[in-house]
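Enquirer: Two chains, each in its own frame: build the complex with the hints.
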Amino acid sequence: MKNSKRFCLLSLLIGCAAAVNIQAQQQGGAPSDNANTVHETGQQYKQGNPLTSASDNTIIGRSGQGAANLGVQKAILNSKINSFIAFFNNPMAGTQFEQFLNAPPETSEAAERYRSNISKIMDLLAPPASKANQDAAYALLPKASEFESDANICTTIHDAVYAAANSRVEIARLTELNDQLEKQRKIAEYNNLLASRDRPLQQTVTDKNDVANNNANQQLERQARMEPTKRELASVGQTIEHNKMQIATAEGRAKFQFQSLILQLFVQRRYQHVIIANRFYRALFDDGDQSLESFQQMADKLGYNKQAGQAKLVAEGNPNVAGAVGSGGGGAHGVGASTGTNGSGASVGNNNDGGGDGSALSMSGLQFGIQNVSVESLMNAVSSGMKTASRTFKSLSQLDGIANEIIRDVNEGVKSYKFLLSQNEIEAATAQLVSAWSKGQYLPSVQLLTQDEKRKSLKFAQLVNKLVNSGQSGNIDALSSAVAEMKKEAADFDDTEILSNIQGVKLASSMHIAQARVAASKGDLQTVQTEITRAAGIWPNNPDLQTFSSDMTKVSQEADPMVHARTEFDQLYEQKSYRQIFEGIDKYAVAVGTDTSTNSATRLNNLNQVKKRMQDIETSIMRSQEIARRGDYAGAWEGLEVTFTQYPDDQKLGQMRADLTTQAADFVHDIREAKSYEEKKEYGSALAWYLRSQSRYPMSDLSKQGIERVVKQLLPDAN
Amino acid sequence: MIALIVLLAGGGAYFGLHQGGGDASLRTTEELDPQIYYNNANSLRGNTYKMDVEIDSALGNSATKGRLFSVLLKKDAKGGNSAPEILPVLLPPDLGSLTIQKGQHYIMKVKVIENGLLKVEEATKP
Numbered sequence: 009m010k011n012s013k014r015f016c017l018l019s020l021l022i023g024c025a026a027a028v029n030i031q032a033q034q035q036g037g038a039p040s041d042n043a044n045t046v047h048e049t050g051q052q053y054k055q056g057n058p059l060t061s062a063s064d065n066t067i068i069g070r071s072g073q074g075a076a077n078l079g080v081q082k083a084i085l086n087s088k089i090n091s092f093i094a095f096f097n098n099p100m101a102g103t104q105f106e107q108f109l110n111a112p113p114e115t116s117e118a119a120e121r122y123r124s125n126i127s128k129i130m131d132l133l134a135p136p137a138s139k140a141n142q143d144a145a146y147a148l149l150p151k152a153s154e155f156e157s158d159a160n161i162c163t164t165i166h167d168a169v170y171a172a173a174n175s176r177v178e179i180a181r182l183t184e185l186n187d188q189l190e191k192q193r194k195i196a197e198y199n200n201l202l203a204s205r206d207r208p209l210q211q212t213v214t215d216k217n218d219v220a221n222n223n224a225n226q227q228l229e230r231q232a233r234m235e236p237t238k239r240e241l242a243s244v245g246q247t248i249e250h251n252k253m254q255i256a257t258a259e260g261r262a263k264f265q266f267q268s269l270i271l272q273l274f275v276q277r278r279y280q281h282v283i284i285a286n287r288f289y290r291a292l293f294d295d296g297d298q299s300l301e302s303f304q305q306m307a308d309k310l311g312y313n314k315q316a317g318q319a320k321l322v323a324e325g326n327p328n329v330a331g332a333v334g335s336g337g338g339g340a341h342g343v344g345a346s347t348g349t350n351g352s353g354a355s356v357g358n359n360n361d362g363g364g365d366g367s368a369l370s371m372s373g374l375q376f377g378i379q380n381v382s383v384e385s386l387m388n389a390v391s392s393g394m395k396t397a398s399r400t401f402k403s404l405s406q407l408d409g410i411a412n413e414i415i416r417d418v419n420e421g422v423k424s425y426k427f428l429l430s431q432n433e434i435e436a437a438t439a440q441l442v443s444a445w446s447k448g449q450y451l452p453s454v455q456l457l458t459q460d461e462k463r464k465s466l467k468f469a470q471l472v473n474k475l476v477n478s479g480q481s482g483n484i485d486a487l488s489s490a491v492a493e494m495k496k497e498a499a500d501f502d503d504t505e506i507l508s509n510i511q512g513v514k515l516a517s518s519m520h521i522a523q524a525r526v527a528a529s530k531g532d533l534q535t536v537q538t539e540i541t542r543a544a545g546i547w548p549n550n551p552d553l554q555t556f557s558s559d560m561t562k563v564s565q566e567a568d569p570m571v572h573a574r575t576e577f578d579q580l581y582e583q584k585s586y587r588q589i590f591e592g593i594d595k596y597a598v599a600v601g602t603d604t605s606t607n608s609a610t611r612l613n614n615l616n617q618v619k620k621r622m623q624d625i626e627t628s629i630m631r632s633q634e635i636a637r638r639g640d641y642a643g644a645w646e647g648l649e650v651t652f653t654q655y656p657d658d659q660k661l662g663q664m665r666a667d668l669t670t671q672a673a674d675f676v677h678d679i680r681e682a683k684s685y686e687e688k689k690e691y692g693s694a695l696a697w698y699l700r701s702q703s704r705y706p707m708s709d710l711s712k713q714g715i716e717r718v719v720k721q722l723l724p725d726a727n
Numbered sequence: 020m021i022a023l024i025v026l027l028a029g030g031g032a033y034f035g036l037h038q039g040g041g042d043a044s045l046r047t048t049e050e051l052d053p054q055i056y057y058n059n060a061n062s063l064r065g066n067t068y069k070m071d072v073e074i075d076s077a078l079g080n081s082a083t084k085g086r087l088f089s090v091l092l093k094k095d096a097k098g099g100n101s102a103p104e105i106l107p108v109l110l111p112p113d114l115g116s117l118t119i120q121k122g123q124h125y126i127m128k129v130k131v132i133e134n135g136l137l138k139v140e141e142a143t144k145p
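Chains as they are written, first to last, in our numbering: chain A, 9 to 727; chain B, 20 to 145.
Looking at chain B on its own, in the form it has when it is part of the complex (with noise of 0.2 Å):
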């Protein structure tokens, strides 16, 4: 029974993480500050933010980069301002897998990585 326990919650764990990113990980990062971002990228370079966003555009697609898109920050993700906050993001080939279109909603994820480039390392829909 307890082997049954374990496998079950082994596979529910299992399961979660292939499907969305990993709600657990997302739980505890920090949300990006967009107006930090904006105003010196570079002082996070290498930091791993979460982001609640909606998918606004394709910018490109590279085979060996990956996917840009730009991505509209949810209002209530951070106090929400008034001005609407757009970010580029890169979808690397790993998660070429990941469909994106106009519109969906995820909870990414990123890094960010050198030029300031927001790097999605997971993405879940909420």
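Chain A on its own, in the form it takes in the complex (with noise of 0.2 Å):
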């Protein structure tokens, strides 16, 4: 039960390992909320932060543009569909990924024969091992090494038995020493014995002073008889500590190397050589279930440097972070350690996005994938590392049996991957597959899988990192595409949550732009920028941009003076306002003048028009001024009222006239009544009028006219 609780704290933290470690690198320094970032981008700049430079427009662009890719990897992220999206989300993990779903199966001859020599060797060293099982499984392993994908591994199984075997004979010499050390120790012991016994006195005693002297004489001679057993006493003793010492430090340093290669080939996912590694330390070592004390112990030792490194502020920065430390260097899958939130739950995982060498736990080289590079940052790595394992695993025992629960759990996950695929539930076929590989990479029942049991996983993994590199790219419309095409192909992708935040972001932008038609209409050109740079840094083909550029465009046209004053003019001329176009005939003369539009015709000769009647008018109200300063009232009005019957809607000239008529009331009387009794074809009484009018002002055109057109209606005939 205590087993089964660890497995699936292990399962859990081997499949979600890299995904952790990716999300924990994305959320490293990132707010952890795009709506925060948004609002306090917003709160910084409502706070009045100037903008007065193009690398400000740079700064807001990024920063809406990094709210936009962190909404939307967080709506990647965020949306349940699977974690292996987190996982593709690295583009190591994804890559190697890709390149197992391209890779042939391995059915080939030396494949073949690898796989039977690490059967046979599991076979031969299956409990209880005779041995001779034990001597032909270690003699199998360097056959085994010779295949590629084995990287060596049987051989350095091997290496260790024959160093764990080796340490063996030298304790069993040194302890056959210590035996005879002992027998000479226990004559030295005799000797020395008899040498502290008194002899008989030589001499008799006469006195009470030859008394005193014989006693001196006799300890003196005891001392000389002791001193050769003595030294031989001391020195066999010293040496049977010292061989003592020897002996444990051989087997400690043996079993620990043993155990360090146990644990790194589990981290490894070398599942197979876990147990047959572990095998063969059953028969080298009886240590039972206490096996991997000596790894603690040596682990416990290991001091850590609370003041030293980054390694320990990321974790207590950021706990999820900093417990994803992963072997150094390139190559395969490498080493990692993962410690919970507060260290609790420590355990060893794999590590997809290091990539190490699989240098971990040998207690030389190992590298952790922290930033810190100092010694003693590196050895509080190791030391974390190290305890980790230790808390983890108690026996060897224990790790055998993970060990063996994983190869099932495998094979389970690639028959259940097969059974979705064929039932088309390509999701959570992949899902399946990514977690059989991320665990079991070297396990046959994956590396079996042909390309095509592979293809429509493929094309699914292509799609989901088009899906990330969409959502990392910011580009929302790219991202809308692969999510639809992921839908056309999955049709068990669930798009809902990512559709959903896509929709915010773009609604986002959108928002953007309204603020920005605000600030516009208010003249704030300030926020304008401020607001469009951000509108387009979260979703740069925004069709609102485009209307809003166009908006804008034609608003900056209008502010142009020609182009404000062609629009002025052709609403003055609507509205026959010719006057109001004759006290700025300069101004419309220049834009009308450069009007390359196709009304520029019809403006140039409204323009003319103008200009002509305004010359009329003004020649006779200039006119009729002159002629008024003479006194000559009548003869001014008659002017104005020839130019006043040709533009009567003129308010000057009609205002001059007004007055000019009280000036020369009778004759603008007699003018009006002719025209009166005219219109009524009263012709006689017309002309009567006529008369009397140019008898008050001869000079007058009007009368003499009005004269002549009532005579002809009078006397048609007349000559």
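Hints listed in this document are in silico derivations from the structure and should not be mistaken for laboratory results. Don't take each hint at face value.
To be verified - In silico DSSO-like pairs for lysine-lysine, Cα to Cα no more than 27 Å straight-line: (1) B:K128 - A:K720; (2) A:K712 - B:K121; (3) A:K688 - B:K130; (4) B:K130 - A:K683; (5) B:K130 - A:K619; (6) A:K712 - B:K93.
To be verified - Ranges of calculated distance between the beta carbons of each label pair, as one might list FRET restraints: (7) B:I132 - A:N607: 54 to 62 Å; (8) B:T118 - A:A673: 36 to 44 Å; (9) A:R717 - B:S116: 26 to 34 Å.
Quantities reported herein were computed from a predicted structural model and do not represent experimental measurements. By construction, the Cβ of each residue, glycine as well, lies at the ideal position given by its N, Cα and C atoms.
Expert: The structure is reproduced here in structure tokens:
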């Protein structure tokens, strides 16, 4: 039960180690929530952060794009579409998985032979293994190692077994030597005992002084006798103790190295090798379930410098991120140790991200994927990793059981994959395959999958890669397209949340454009600039941007003085405000003169009409004013009246005409009466009035013309 | 003798009528009030008036309708108005024998016809 619980934890960590690490990397240093980011950015500018240069725009744009990217990434990561999308979010993991999907099945003769050898070794070592079986298995190890995919691990096990056996021989030799030394020590003790005994007095004591001298002489003699035996006894004792220490050290070192190798193989997901090495260990050492104690003791002895390095600081700052430390260096899968929040639930997991070369936990060359490269922090990482491993696995039998369980789990996962594939549930099938592959990449059931069996998942994986790349690029349209393509390819793909988040991002962009419009209406160009840059940063292809741009272009054109003048001219002409045009004739003449639009001819014609009209009116007014200055008000009025008849809507002309009407009231009255009768075809009366007006102002053209007209009516045949 | 007197009287009357337009009829004809005429000639239509005028100028000559002149009312004709009163008169063709020149003084009997025009029926020099 305890083992099962540990297995669950371990499986979870193995399956999600990469995802957690990737997610942690993405979240590192970035705001935890998109809305907060936008809000904070908005607050920053709302509080009047001045924008004065293009660099500010760049910052705003990046801020917006960053928010969008984060939003999209969150959309992907938060979407419950399976952890493998996060897994794909890491280029190396995604690439390696694609390599696997593209690779042909391991069905070569060499691969078959390799699997046969591994299987035979495991069978030979299956308990209870005889000495002959152990030797046979040991002999097969170099052969198994010939296959490339073995990565010489069998040779490593072979060497470890050899080294452990050698240490056992050395221990035996030292033990035998100590036995001999023990015998020597007993003889030396006996000799020392004899030497300590008193000799009979050679001279009789005669007086009190002779007795004292005799005693002193005997003491000196005893000391002289015991000195060689004491020296021999001490020498033998020291040699025995020294040998005991060597025995203890050799055994501890051999066990530790072997245990480290087993753990290393475990985290390398070489579960078959774990089982092989574990069985060799049991054959060499008789530790039982306490067999990992050496490793744990060694790990506990390693110190931890609290003041040193970023590893601790990162761990404290963000436990999730700090927990994922992987082995450094390039190559295949490496070793990582993952610590949970606040140090609890620690586990050893596979780290697909870092990719080390299997040197982890080997006491030499172990490198964890931490950023701080100082010796102290590196040692801290080693210490943490070893302690984590030692706390997770208490015994080799536990490790052996977990390895077997994982092998079974991977085999089940492959079966599930095939079943889901047959049901055309591509997303679920691919998730199963990712899980099986990440746990048991080197197991036969995974390696024997054919390209055809992986084909659909490959297509889906490529789409996932595209989706992730689109999300990272911040191109919302590309992301939408990728989601649609994924949905088309995999009907079980749940795009609800992603589409919702995409819509949210689009809405945010449009909201910025709306704010820009509001700002534009207020003439706040600073805010317009800010909002548009931000909107473009979030969604560069937002169609509203093009619309806004067109609107702004129109506005800017309208702001052009020439364009403005032409528009104004058209409006004034439409309103028949000819005098207003005349007052700004220079401006309008230039504007119309530079007009290249299709209305240019019409505008020019209208302008010329206005010019002629106003010239007539102004000339008439000036002439009338001059005549009026001479006191000839009737003449002045008559001059205006003629022009007024032609242009009755000019206010200035009308006003002056009205003024002069009062100055030449009788004459004006006569003329108006005459016209009135003329209109009523009462030509006799009209003629009378015209004659009367002419008598008042003999120079009157109106009177003269009126008389001629009326006479023509009265005497049509007059000559 | 009586027959001679009657003959002489009849001959005198005939001569008078044919020379000046008949002083007897002009004596009983009312003078035209120019203000009334100006203000509402239609109301005077069909009426006959007497005018003491001075020929101002010829306005037109029609073979069928006659000659059109502007005449200046003598100021003493009706109360002596300060403004010159100038009116148009039509001499029909039947008065074609009458010699009209600018500045001549005539006493005319006119009738207000349609259009408010003053048609001369008789014209005599005072």
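Enquirer: Look at each hint and say if it fits the structure.
Expert: Against the structure, the hints come out as follows:
Distance check on the hinted pair: K128 (chain B) and K720 (chain A) sit about 24 Å apart at the alpha-carbon level, within 27 Å; holds. Taking the CA atoms of K712 (chain A) and K121 (chain B), the gap is near 18 Å; set against the 27 Å cutoff, the hint holds. Of the pairs offered as hints, the one joining K688 (chain A) and K130 (chain B) holds, with about 21 Å between alpha carbons and a cut-off of 27 Å not exceeded. Between the alpha carbons of K130 (chain B) and K683 (chain A) the distance comes to roughly 23 Å, so the proposed pair stays at or under 27 Å and holds.
With a C-alpha separation of about 53 Å, the suggested pairing of K130 (chain B) with K619 (chain A) is violated against the 27 Å cut-off. Distance hint between K712 (chain A) and K93 (chain B) is fulfilled; the C-alpha atoms sit about 23 Å from each other, no more than 27 Å. Roughly 59 Å separates the CB atoms of I132 (chain B) and N607 (chain A), a value that falls within the hinted 54 to 62 Å. At roughly 40 Å, the beta carbons of T118 (chain B) and A673 (chain A) sit within the given window of 36 to 44 Å.
Here the CB-CB span from R717 (chain A) to S116 (chain B) is close to 30 Å, well matched to the stated 26 to 34 Å.
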